[in-house]
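> Take a look at the letters that make up each chain.
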Amino acid sequence: MIVAKKKPVEEIIEEVKNYEKILVVGCNECVTVCEAGGKKEVAVLASALRMYFMNQGKDIRLDEVTLERQCDHEYLEEIRNIIDQYDAVISLACGVGVQFMAEKYFSTPILPGVDTCFMGAAEERGVWSERCQGCGHCILARTGGICPVSRCAKRLFNGPCGGSTKGHCEIDKDLVCGWQLIIDRLKELGRLEDYEIIAPIKDWSTERAGGPRKVVREDVRQ
Amino acid sequence: MPLQEKIRSKKFVVLAEMDPPKGADFGTLLKHANLSRGRVDAFLIPEMANAVLKASSLGACAFFQKEGIETIMQVCCRDRNRLALQADILAAGGLGIRNLMVVQGEDITYGDHPQARTVNDLGLIELVETVQKLREGKDLAGIELRGAPDFCVGTTMDISVSGGLLDIELENLEKKIAHGVEFVVTNPVFDLRRFQQFLKRIEKTKIAVIPTVLLLKSAGMARYIDRNIRGISIPSEIIRGIQKAPDKVQECINIAGDTIVRIKEMGMQGVLITTAGWEDKIPLILNRAKI
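Top line first, the protein sequences correspond to chains S and E.
If you read the first sequence in the working numbering, its first letter stands for residue 374, the second for the next number, and so on.
If you read the second sequence in the working numbering, its first letter stands for residue 5, the second for the next number, and so on.
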């Protein structure tokens, strides 16, 4: 999932303090799972904002809605009939949702309510960690299913840097060394000989060179 | 007279581009520079123009410094993060390089290493700001430097834009000036009437505008550039002139030399001659321009 964290409410207030009709829009997908931008967080943020405006003696309209997804035309269309009633929208979706909504509702300010962080997994309740950086060419088959791009602090492709101590990364002793994980997993799989294969110099052209990326599937295109 | 002094005293400056080699042999580079030595105020040393691997600008500038030749070092946002950029700028200062030109850098996909990872940690305006901070004696972390580098700082300006993009370019120019930029180099100019129209929008008193004069090599090259390269337009009479000329290379040299003369007559602050590999022709262009 895309992992996000809630923006400090002071930062959001700074962006919306001059508006009078505000819609807070949640997203039922990733940001709901990581408890940053779902229906519950929409309600919490809306309450905080109402309290702020009340303390300022300002009478404003503040409504809440949570869409199934904000990265899909279909669900974003659900607010088409009401969007003109507001002079600003706070989207609690990831950066994708905020932008997609801004593209669709071009004349309405769409403001982000979360900081989008990474693609990751829920390790336990309240702990999410990074697993993928979307480099565009997956090599997990060769690295025991553990990604050196997202798990190694230096994004190394040919073994650890030498800075790890007792299986932990030199930049943070609480961070497990990505290459320790890879080696442990290769051992478990009986494929430690894969470690001996020198990985080629990474081709980053699938990552970000050449500008924003696009996947086009002619077979599913309508 | 050093370039900075000449720019500040509003004297016409002649710059010439000298591309470092793709390799470690600097012999030809020096040979070409020596051909126009003394007639050019400073050589501009590109930093991997078009994202094609070459020896670094810093390296070539240091090489020329040893030879007593004044250079303008290019620093480019594309390949280095803020640490590496600041380190190179400090090194340049320490080596006695007196001029810097800050560029964004063409995208890596244009070059010969499209698999490389683009850096762009700082954008053009931020890098200009960084240079200003270093000149004031502090790095980007706010830590005091042991000896601040001093440079005459330039950057680029796109004169091909119009409408809203022109407004953005002019706004950016103001930001550059505010951060201590003293000169801007434009894209290659062939159509001087169009260039004059552009100049009306710039307050030339605040900054030295230095147009680029590109040496064409053939009518085919001129046609290709006119059709395919964004930001450069070549009048058809120039292309026809090359086609008709009995000595086409001489005609190209004449076009470049005559353009310099007209740029000088327009009261511009200088010119940058760029020859795309024909650096040995720079003296011939200067002859034609009577420089």
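To be clear, the hints were calculated from the coordinates, so they are not data collected in a lab.
Careful: at least some of the hints might be erroneous.
Below are the BS3-like pairs computed for lysine-lysine, each with C-alpha atoms no more than 27 Å apart in a straight line [as the list claims (entries may be wrong)]:
(1) K248(E) <-> K15(E)
(2) K575(S) <-> K58(E)
(3) K413(S) <-> K431(S)
(4) K575(S) <-> K294(E)
Being a predicted model, the structure only gives us computed values, none of them experimental.
> Decide, hint by hint, whether the structure agrees.
Hints and how they fare:
1. Distance restraint check for K248(E) and K15(E): the Cα-Cα separation of roughly 37 Å exceeds the 27 Å cut-off, and the hinted pair is therefore not satisfied.
2. The suggested pairing of K575(S) with K58(E) holds, with an alpha-carbon distance near 21 Å, which does not exceed 27 Å.
3. As the CA atoms of K413(S) and K431(S) are separated by approximately 25 Å, the hinted pair is consistent with the 27 Å bound.
4. Between K575(S) and K294(E) the alpha-carbon distance is near 52 Å, which puts this suggested pair outside the 27 Å criterion.
Against the hints set out earlier in the document, violations occur for numbers 1, 4.
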